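Q: Residue numbers (the numbering used here), protein chains in the order written: chain A, 1 to 215; chain B, 1001 to 1218; chain C, 2001 to 2280.
Calculated directly from the structure, the hints in this document are not laboratory data.
Incorrect hints may have been included.
To be verified - Just so you have them, the derived chain A footprint on chain C, three or more residues with Cβ under 8 Å:
#: 1; segment: 2055-2062
#: 2; segment: 2075-2088
#: 3; segment: 2091-2099
#: 4; segment: 2119-2125
#: 5; segment: 2185-2191
What the hints assert, rightly or not - Pairs of lysine to aspartate or glutamate, EDC-like flavour, derived with a Cα cap of 16 Å:
#: 6; chain 1: C; residue 1: LYS2135; chain 2: C; residue 2: ASP2145
#: 7; chain 1: C; residue 1: LYS2039; chain 2: C; residue 2: GLU2241
#: 8; chain 1: C; residue 1: LYS2149; chain 2: C; residue 2: ASP2137
#: 9; chain 1: C; residue 1: LYS2179; chain 2: B; residue 2: ASP1086
#: 10; chain 1: C; residue 1: LYS2196; chain 2: B; residue 2: ASP1086
#: 11; chain 1: C; residue 1: LYS2237; chain 2: C; residue 2: GLU2081
#: 12; chain 1: C; residue 1: LYS2254; chain 2: C; residue 2: ASP2273
#: 13; chain 1: C; residue 1: LYS2149; chain 2: B; residue 2: ASP1013
#: 14; chain 1: C; residue 1: LYS2255; chain 2: C; residue 2: ASP2273
#: 15; chain 1: C; residue 1: LYS2215; chain 2: A; residue 2: ASP178
#: 16; chain 1: C; residue 1: LYS2213; chain 2: A; residue 2: ASP178
#: 17; chain 1: C; residue 1: LYS2039; chain 2: C; residue 2: GLU2069
#: 18; chain 1: C; residue 1: LYS2149; chain 2: C; residue 2: GLU2167
#: 19; chain 1: C; residue 1: LYS2196; chain 2: C; residue 2: GLU2217
#: 20; chain 1: C; residue 1: LYS2196; chain 2: C; residue 2: ASP2137
These numbers were taken from a predicted model, which means no experiment stands behind them.
From the three backbone atoms N, C-alpha and C, an ideal C-beta is built for every residue, glycine too.
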Amino acid sequence: MTAGAFISLLQGAGMTLFISGAGIVLGVPLGLVLALVRWGRVPVLGKIVAVYVSLLRSVPAVTLILLIFFAVPTIGPEIGPITAAIVMLTLNTAAFNCEIWRAGLNNFPADQLEASRAFGMTPLLRFRRIIFPQLWRSSLPPLINEMTMLIKSSPAIAVVGVVEITRAATRIGAQTYDPLPPMIVATVLYVLVIMLFVGLQRITERRYGQIGAEA
Amino acid sequence: MSRDFGIVWDHADLLVEGLINTVILSLAGAALALMLGALLAILLMSRNRAVRIPFRGMVDLMRCVPFLMLAYLVYYGLPSFGLNLDNWSAGMFTIVIYNTAYMAEIFRSVWSRLGRESLEAATAFGFQGPRLYIRIIFPQIFLASGPLLGNQLIQIIKDSAFLTIIAVPELTHAASSIQAQYFVPFAAFIVAVLIYWALCLLVEAGVFVVERAAEARR
Amino acid sequence: MSSMKSTLSRSILAAAFAAVVGVALSSSLAGAATLAEIKARGYMVVATEDDYKPFEFMEDGKPTGFDNELLAEFRKTSPVEIRQQVIPWTGLLAGVSTGKYDVAVTAAMITKERVKSLDFSMPIADSTHFYVKRKSDDSIKDIKDLDGKTVGVQSGSAQLEKLPELEAMLAKTGGKLGKVVQYTSYPEAYQDLALKRVDYVINTIINIRSLVKDKPEVFELGQAVSSRTVPGWAVQKGNSELLALINDFLAEQKKNGNLAKLQEKWLGQSFPDLPDSYEP
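In isolation and in its complexed conformation, chain A is listed as follows:
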């Protein structure tokens, strides 16, 4: 492999990080909103969220991105590959994040909620002062675990022409007719990125004493 090829792979890694980062930044709060809708038993909307979560966690990333990339423009606006990739990862991770936030909400101590209600706190204040500060701590390790799952599913976005790590490796292989070396380097890059998150998860687990390692 040439130096130029290696640089292409690093640029691909940059794209993987950018798109995954965007998916995380959008998907984590969206998941919280969805979780609150279900937790608060909002009529109709709660049911829709339940269906959304069930559907989104069942669909493979590759299939979903192809659907978004080709189907959305026929019923709505034209959508570019990078936008499609961010939308796909956000929608997908939000479904999983919703379940994580919801588990945290369901396990929230009922006596604290009652006490805050007795003090006459508004629901918004109660969420901001009482629930959220504890909720995010207990949810952080599984949320970070979900972030690694997101990065691991990100090779799917190559199929619509986003040049992330995998596609960069494919291109080099197609030029040299020797696809294995760039794929090995690509795998090493993924492992380094994901290890970073796994390390982060270990630290938060230790700090907040949670078991969130399961997939």
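Chain A is fixed; fit chains B and C onto it per the hints.
A: Just chains B and C now, with coordinates in the frame of chain A:
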């Protein structure tokens, strides 16, 4: 558009073949990974650090590799080491080794949450060695892991879509080849999405039944 | 975990979802932009591939190859800005047939199935399908030796569509087509040929020549396994003004000798007697 769905319907045999491959790969792969994962969990729970640490490292490393890359390396990389698997076997092999790590991690986490009491009681009743694991420990862990194992099975079904890269004729491969030849991307992929959804709803229903059984045993 | 009842109600919702999507899609199928619309918006979207050496491939992250150099010429004469999307083969032609891209600037073989949904430009090369085999494999010397052997092709490719021609050739000598393995792209198929997982791969003579030139110790060019096949650029069916613009450009390139020059440079030979239009 109805013409598009008609084209997909005309090639329903391809989709059915893909679906069968997806189901067999996922179920058989999950079953094998479950068994190997249980064995690996015993090693992860070992009191001996020299045993525990290296296996811990292996599991962690496996959890850092994207499934797609692993499939690629198994299929195109292993022949350099003399292991030349056909695409279907390579897909199965990848599912099993990848998920063995995840299954072991699930069992480990559930196991470490289970009380030591039942274990000590069982030892007191004279259960030892393999019988202790088969009769006492694993039945408890399996039942307590129900939802997590269900989630993992859904993950396996979704990951199997990546096997299209090594030409395994699974469901996404079938949908993709129909759309690439007849230019009916929406119809082909919406049908695929709905089939995946149906599969995962079945898994959820299965988890529900297992949970019922777990409660009945309690 | 959900109860059984809600699982059921979800399935009902699933059916509802399918119906909604189906109706939404059927009600508004987007058409491709006409030349007038393209001029009005000021740009044209063309799609090229990135792993189709020597037609289109990437060198250190930059698109290069036959079609990309031809596209560079097109940029000079085009009345509007050209925006290039580099995407994998899987969704490329579907993207053109549904109006996502205006032109497929790739060597797409003109086939009977494709002309139902696409209109093709004049041929840009002559590219009949050949088989390629491992150099070390002595069991294949002639087409009749392909009897029952495993073949690799790209999914959704013209090579796949034209396999019945090979089947007919084999039938004449009492043979039959073996197992067909479909790949998402050709590099994987070549890799599997080298690893003995398939016995031969079918691609155009141009692609195979490029492969054999780079890896002469591994691969060997076989014989033609289809009737004459030519590639062209593609637009959505009925987008005739846009097609005329492209054909005018290509005719000009043919006349001034640039097309022949690029063919020599990338495809290894020029094709002076290409027809101005082609019916598959």
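Q: Give a verdict on every hint.
A: Hints and how they fare:
1. 2055-2062: holds (count 5)
2. 2075-2088: With 4 residues in contact (Cβ-Cβ under 8 Å with chain A), the coverage given for the segment 2075-2088 of chain C holds.
3. 2091-2099: holds (count 5)
4. 2119-2125: violated (count 0)
5. 2185-2191: holds (count 6)
6. C:LYS2135 / C:ASP2145: holds, 15 Å
7. C:LYS2039 / C:GLU2241: Satisfied, since the Cα-Cα distance of roughly 12 Å is no more than 16 Å.
8. C:LYS2149 / C:ASP2137: holds, 12 Å
9. C:LYS2179 / B:ASP1086: holds, 13 Å
10. C:LYS2196 / B:ASP1086: Distance of about 10 Å is within 16 Å: holds.
11. C:LYS2237 / C:GLU2081: The given pair, whose Cα atoms are some 22 Å apart, is violated under the 16 Å limit.
12. C:LYS2254 / C:ASP2273: OK: LYS2254 of chain C and ASP2273 of chain C at ~11 Å, within 16 Å.
13. C:LYS2149 / B:ASP1013: violated, 23 Å
14. C:LYS2255 / C:ASP2273: holds, 12 Å
15. C:LYS2215 / A:ASP178: Given that 16 Å is the threshold and the Cα spacing comes to 10 Å, the pair holds.
16. C:LYS2213 / A:ASP178: holds, 14 Å
17. C:LYS2039 / C:GLU2069: violated, 23 Å
18. C:LYS2149 / C:GLU2167: Holds, because 12 Å separates the two Cα atoms, which is no more than 16 Å.
19. C:LYS2196 / C:GLU2217: Given pair LYS2196 of chain C, GLU2217 of chain C holds - Cα atoms ~15 Å apart, limit 16 Å.
20. C:LYS2196 / C:ASP2137: holds, 9 Å
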